[in-house]
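*Asks:* With chain R held as given, fit chain S with the ligand onto it using these hints.
Chains as they are written, first to last, in the numbering used here: chain R, 1 to 283; chain S, 1001 to 1338.
Derived from the structure by calculation, the hints contain no laboratory data.
The C-beta atom is built at its ideal place from N, Cα and C for all residues, glycine as well.
Accuracy of the hints is not assured; some may be wrong.
Counterexamples of contact, computed for chain S against chain R with all Cβ distances above 10 angstroms [stated by the list, open to error]: (1) N1037; (2) N1087; (3) E1088; (4) Y1112; (5) T1227; (6) D1266; (7) D1280; (8) Y1281; (9) K1331; (10) W1335.
Cβ pair distances, simulated, as ranges [as the list claims (entries may be wrong)]: (11) S:L1300 to R:E254: 22 to 32 angstroms; (12) S:R1320 to R:E228: 28 to 38 angstroms; (13) S:K1283 to R:Y204: 19 to 29 angstroms; (14) R:R200 to S:Q1070: 29 to 39 angstroms.
Straight-line alpha carbon distances no greater than 27 angstroms define the calculated DSS-like cross-link-like pairs of lysine-lysine that follow [stated by the list, open to error]: (15) S:K1218 to S:K1184; (16) R:K278 to S:K1283; (17) S:K1218 to R:K267.
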Amino acid sequence: MIYLSAALYMEASPFIKAYECTKNAAFTHMQVFTSEEAVIVITGTGPVQAAISLTEVLTALPPSETDIFANVGTCGCPDQSAEIGETYIINKITADAEARDYYPDLLYLHSFPEASLTTVSHLQTEPTEHSRMLYDMEAAGLFQAALRFFSTDRMFFFKTVSDFGENGTSVGPTFVFELMTGALLGITEALRSFHGSGTRRITYSESEETVIQQFLDLLYLSETMRHEMRRLLLYYELERGYAIGMIQDFIHTEEIGEGMSNQPNSKKEGKIYFERFKDQCLR
Amino acid sequence: MNDLKTSVFANQFSHIYVEKGVMEHPRTAQVLRRFSNSTVVECSSYKDIFCRSHQEPSTQRQSRSLILAQGNAAIYPGAKVCQSMGNEHFYYTSCVMNCIYDCEYCYLQGMYRSAHMVMFVDLSETFRELDKLLAIHPVYLCISYDTDLLAIEPLTGYLAEWCEYLATRPNCTVEVRTKCASAKTILSLPKLSNMIFAFTLSPQEVISRYEHSTPSLKLRLEAVDKTVSDERKVRLCFDPMLALSDFETVYRAFFNEVFETVSGEDLFDVSVGVFRISKDYLKNMREARECSITYYPYTLTNGVYHYDEETEQRLFSIARDELSKHLPSDKIFFWTEC
Ligand code: SF4
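One chain only, chain R, in its complex shape (with noise of 0.2 angstroms):
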């Protein structure tokens, strides 16, 4: 999944379209628009606002340890040189208010220019004084809500620039939907990429798990035995091979289970048995 945001509708706009998104009637005081495929979320401006929106959304619809998040929008930058409507990959916000700087990590490939982002918490009318080329009212707050829920490479902030900063420009709702719908398949197909390419834990399947659990019953094992067991099948499937396999023909030989010829019936006997699966695993 992939869990996007962005201040305004009219930046979210293209994007809702683009993942087929529907709005999600269970949040009534924010637009939430969801799929298959994403979740979209309008979080309003300033960096609180960003913040505690993102975070009621990710507490909601929590997100899974491949999923990755994006914040997409508009930005000023005071460096003319600049193009109004290049879109930036950010290496490194900075919150005004705290003098804080917070850093995604940037592992994948991507064709973005990168830039230094600042988070000022309100709008800003003469060109700042920072060095840094651009600025937004949100990033920062987004960056610390979303670090609760994803890990530093699955965070991802994109701005598009849509003026200089300069006294009394005003972006209009049409200008902004046009940068964005400029933006899109560049953000999309990079986020598709990124997508599912960190690592991977390994996990059981429904009827795995299954398997597991009855296992960990039948043994009678306390809760400390029960992580020890799960360790060792974990050890037992990276070095040696599939752990449900081991578990299935050690009941088989051991003749473990109701109406076999043993069933442990206390924790010292399941302890028995669980020396003895070890003893196979590490054979």
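*Replies:* For chain S with the ligand alone, kept in the frame of chain R given last:
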């Protein structure tokens, strides 16, 4: 599958974070020249990147970043699970945190929450601290525990700087532990009697399976041979020995192969250790990476996980049998206590 995965990752050191305070340091310039295509990001403190919460070292390893920092590489008394090799005043220091190699059993995965690499560019404070210690007693110092300094020498020049320092401090003996096979780099350094090159050797089966990106046994042995031929002090480290299936056959063949290339007489000494790891580190390592070494059902004694007594003794006795054919017992050091 792996190839497919690798292709989506940026190059190693595609990003170099530089603390503001060391932007102008000559070592920074040297590194940045070498990686002129990398993106340079200025930072206030290396900790803002290296010590962030919620990092994913397994993914970071695919595209490590480099962090250049001011920090001081402090000098610490040697840890309990390390070998002092009979030296009374045993210390270690790390001017680099993390390593370009990727050994699945490496304790650094338990020590740091990041796989990115930090280089403290300035050694002068470390040298000052060391001088204070040397004024009190001789020092035996390991400088390449939390990294592999030889492997990054062409990039950093740290060993050359250490040599310059050591040339006038005969009461300071330094061990440079390495899996690197670049004899060329070693031979380019001044020859010092107080610098020991400690090559960690493992059976090729272990190298192929667990010591990712490291040179083969054959190349390491060639480097050992060239280093001893140049009359430098060489230690061989057979550590960690692992309880692979069929370890008896694997390790006996391995020791044979080693001593077909190297003569025991040419060695300064050898050290032997069986895999062991502190409880806290193992917990972190299990979180950081799924691998069979970390998930092995070890025995816990005094806060250290290790193989059961019988397995440990079998591994030690193979080493003892094989090594005693080539070296006197006072040149063989075993790590034995927990
Ligand atoms: S070479 Fe040493 S420091 Fe480097 S990864 Fe391997 S065990 Fe760790």
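*Asks:* It remains to establish, for every hint, whether it holds in the given structure.
*Replies:* Hints versus structure:
1. N1037: Per Cβ check, N1037 (chain S) is outside 10 angstroms of chain R; nearest 13 angstroms; holds.
2. N1087: N1087 (chain S) clear of chain R: closest Cβ-Cβ about 36 angstroms, beyond 10 angstroms.
3. E1088: 39 angstroms, holds
4. Y1112: 14 angstroms, holds
5. T1227: 35 angstroms, holds
6. D1266: At roughly 37 angstroms from the nearest Cβ of chain R, D1266 (chain S) sits farther out than 10 angstroms, so the non-interface label holds.
7. D1280: Since the minimum Cβ distance to chain R is about 16 angstroms, D1280 (chain S) lies beyond 10 angstroms and the statement holds.
8. Y1281: Label holds. Min Cβ-Cβ 16 angstroms, cutoff 10 angstroms.
9. K1331: Check passes; 33 angstroms lies beyond 10 angstroms.
10. W1335: Nearest chain R Cβ is 22 angstroms from W1335 (chain S), so the label holds.
11. S:L1300 to R:E254: 22 to 32 angstroms: Check passed, 27 angstroms falls within 22 to 32 angstroms.
12. S:R1320 to R:E228: 28 to 38 angstroms: Taking Cβ atoms as reference, R1320 (chain S) and E228 (chain R) lie about 32 angstroms apart, which means the hint holds.
13. S:K1283 to R:Y204: 19 to 29 angstroms: 22 angstroms, holds
14. R:R200 to S:Q1070: 29 to 39 angstroms: Given a distance of about 37 angstroms, which is inside 29 to 39 angstroms, the answer is holds.
15. S:K1218 to S:K1184: The hint holds at about 16 angstroms.
16. R:K278 to S:K1283: 20 angstroms, holds
17. S:K1218 to R:K267: 51 angstroms, violated
When each numbered hint is compared with the structure, a violation occurs for hint 17 only.
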